[in-house]
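Enquirer: Sequence:
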Amino acid sequence: MDKNSFFSHAIFKKKPIERSAPDPEGNKSLSRTLSTFDLVMLGIGGIIGMGIFVLSGLVAGLHAGNALPLSLVIAGISCLFAALCYAEFSAMIPLAGSAYTYCYMTLGEIWAWIIGWDLILEYGLAVSAVAIGWSGYFAALLKAVGIVLPPALTSPPGAGGGLINLPAVLIVLFLTLLLVRGAKKSARTNAIIVAIKLAVIAFFIVLGLFSLNPANWTPFMPPNGWLGVFSGAALFFFAFIGFDAVVTAAEETKNPQKSLPLGLIGSLLICIVIYIVIGVILTGIVPFAELAGPDAINAPIAYALGRIGFSWGAFIVSVGALCGMTSVILVMLFGQSRIFFAMSRDGLLPAFFSDLHEKTKAPVKVILVIGIVTSCVAGFFPIEIVAELVNMGTLVAFAIVAIGILLLRVEQPGLSRPFRCPAVPLVPLFCVGTCVFLIFNLSSHAHLMFVAWLVLGLAIYFLYGMRKSVATSVKKTCTLSDPAPAGTEFLVSDTAPAGPGQQQGP
Numbered sequence: 002m003d004k005n006s007f008f009s010h011a012i013f014k015k016k017p018i019e020r021s022a023p024d025p026e027g028n029k030s031l032s033r034t035l036s037t038f039d040l041v042m043l044g045i046g047g048i049i050g051m052g053i054f055v056l057s058g059l060v061a062g063l064h065a066g067n068a069l070p071l072s073l074v075i076a077g078i079s080c081l082f083a084a085l086c087y088a089e090f091s092a093m094i095p096l097a098g099s100a101y102t103y104c105y106m107t108l109g110e111i112w113a114w115i116i117g118w119d120l121i122l123e124y125g126l127a128v129s130a131v132a133i134g135w136s137g138y139f140a141a142l143l144k145a146v147g148i149v150l151p152p153a154l155t156s157p158p159g160a161g162g163g164l165i166n167l168p169a170v171l172i173v174l175f176l177t178l179l180l181v182r183g184a185k186k187s188a189r190t191n192a193i194i195v196a197i198k199l200a201v202i203a204f205f206i207v208l209g210l211f212s213l214n215p216a217n218w219t220p221f222m223p224p225n226g227w228l229g230v231f232s233g234a235a236l237f238f239f240a241f242i243g244f245d246a247v248v249t250a251a252e253e254t255k256n257p258q259k260s261l262p263l264g265l266i267g268s269l270l271i272c273i274v275i276y277i278v279i280g281v282i283l284t285g286i287v288p289f290a291e292l293a294g295p296d297a298i299n300a301p302i303a304y305a306l307g308r309i310g311f312s313w314g315a316f317i318v319s320v321g322a323l324c325g326m327t328s329v330i331l332v333m334l335f336g337q338s339r340i341f342f343a344m345s346r347d348g349l350l351p352a353f354f355s356d357l358h359e360k361t362k363a364p365v366k367v368i369l370v371i372g373i374v375t376s377c378v379a380g381f382f383p384i385e386i387v388a389e390l391v392n393m394g395t396l397v398a399f400a401i402v403a404i405g406i407l408l409l410r411v412e413q414p415g416l417s418r419p420f421r422c423p424a425v426p427l428v429p430l431f432c433v434g435t436c437v438f439l440i441f442n443l444s445s446h447a448h449l450m451f452v453a454w455l456v457l458g459l460a461i462y463f464l465y466g467m468r469k470s471v472a473t474s475v476k477k478t479c480t481l482s483d484p485a486p487a488g489t490e491f492l493v494s495d496t497a498p499a500g501p502g503q504q505q506g507p
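Once you know that position 100 of the sequence shown is 101 in this note's numbering, the rest is easy, because the numbers rise by one and skip nothing.
What the hints contain is simulated information worked out from the structure, not anything from laboratory work. The structure presented is a predicted model; accordingly, all values stated were derived computationally and were not measured. Accuracy of the hints is not assured; some may be wrong.
[Said to hold, decoys possible] The calculated lysine to any residue pairs, modelled on SDA-like cross-linking and capped at a C-alpha distance of 25 Å, are:
#1 366 <-> 121
#2 255 <-> 360
#3 259 <-> 428
#4 469 <-> 369
#5 469 <-> 357
#6 144 <-> 174
Go ahead and model the full structure; you've got the sequences and the hints to work with.
Expert: Here's what the structure looks like:
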């Protein structure tokens, strides 16, 4: 095989779905300990964070008006299409790695690397950004009870006399140590945190039900009509992302074929219902125009409680927001460690990242590395991470997964699919179209930063990943001048036809 031909085969080779066992020798297989309930809690933990506590007022006040629930329905259904695509893949390929693993088996290694590198950026920035937001809420809560943290300990160097954002560092390190103890213990803690924030949301709903003013819902449509509804839906789309972290736990799920689709779709449907109820009550308590005011736009739920005479409820809402951000940090740290683990096990990153602790079967080393790096970013950088960059990575991953569903239905229609995405090709095509539309509505600055990150990633791939890839090392054993021995089975599948003396992968 000449160099150009080998290069082409190397970067576009695929992992065969038929032999998608985590690790034939069992040395680098995660422990299956998670139930359907754990996955639903993981999904809710990743979805309900700052979005509902902040974006609801912004969307109602500046975009959708009283039609806020309609915007929420549109955004939720858009995410549901992506969740259905993820559900088919996760039940069919119950491995760690999420969109990275699915892409490896449908589009090839180079595209898998791009998506994996993209997810590393998305999850890492999300952890650091949410940790900084968590620090602000934590400092405000302490101030409410008479404890004031000095600016030197709540701001990064160069920002108002700051030295380190210590609360942001500590929350990331604390959750990192929690993850080191294993998936099951982390899932239990996440379930407790999710229960607290759901209780806070229920507290708001119950108080709000007794203070509704139906006159506030008239007129229903915003001044700019459907344009406002759709712009609000586009903005609130990002309050639903986080459910995809569920599939990073595929390899740690007891019954993945059943539990993963239920965890994905169940958590998303629960959050859609919760968001719609909050939207109805919020606009029923406060005229939507007030939600655009400076006192309401950043804390609409707390403002609404104050308006109906429950100012003390703002403290409870802040506790709920703090719990919401805590679970998001935990879920994002969990997801990123599993992306690193999957890429390392495939040889694209150093083997260090896929070492498992003998007792907990958790990738302890990579969890610690991720925790240290993201805590440093949160603590020492005056970072204003625009949500657009995180959203860019999410949208690209959603679109790639939907494309993968379409390709597999054409190329391998006979594959066993424990869960089938309904209405193919309409659902995947709608998912791709929605993602592309939203990507092009992000800023050019976000596009440039994303491209720069991908260029750095491709340099690492060609200098290290392509050479160390497990699939490439197997492929090199059989070349044009050295025919494959009888019975040889490649662990890769090529889109290009096999040459003389070369066995085609399945």
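Enquirer: So which hints don't hold here, by number, going up?
Expert: none
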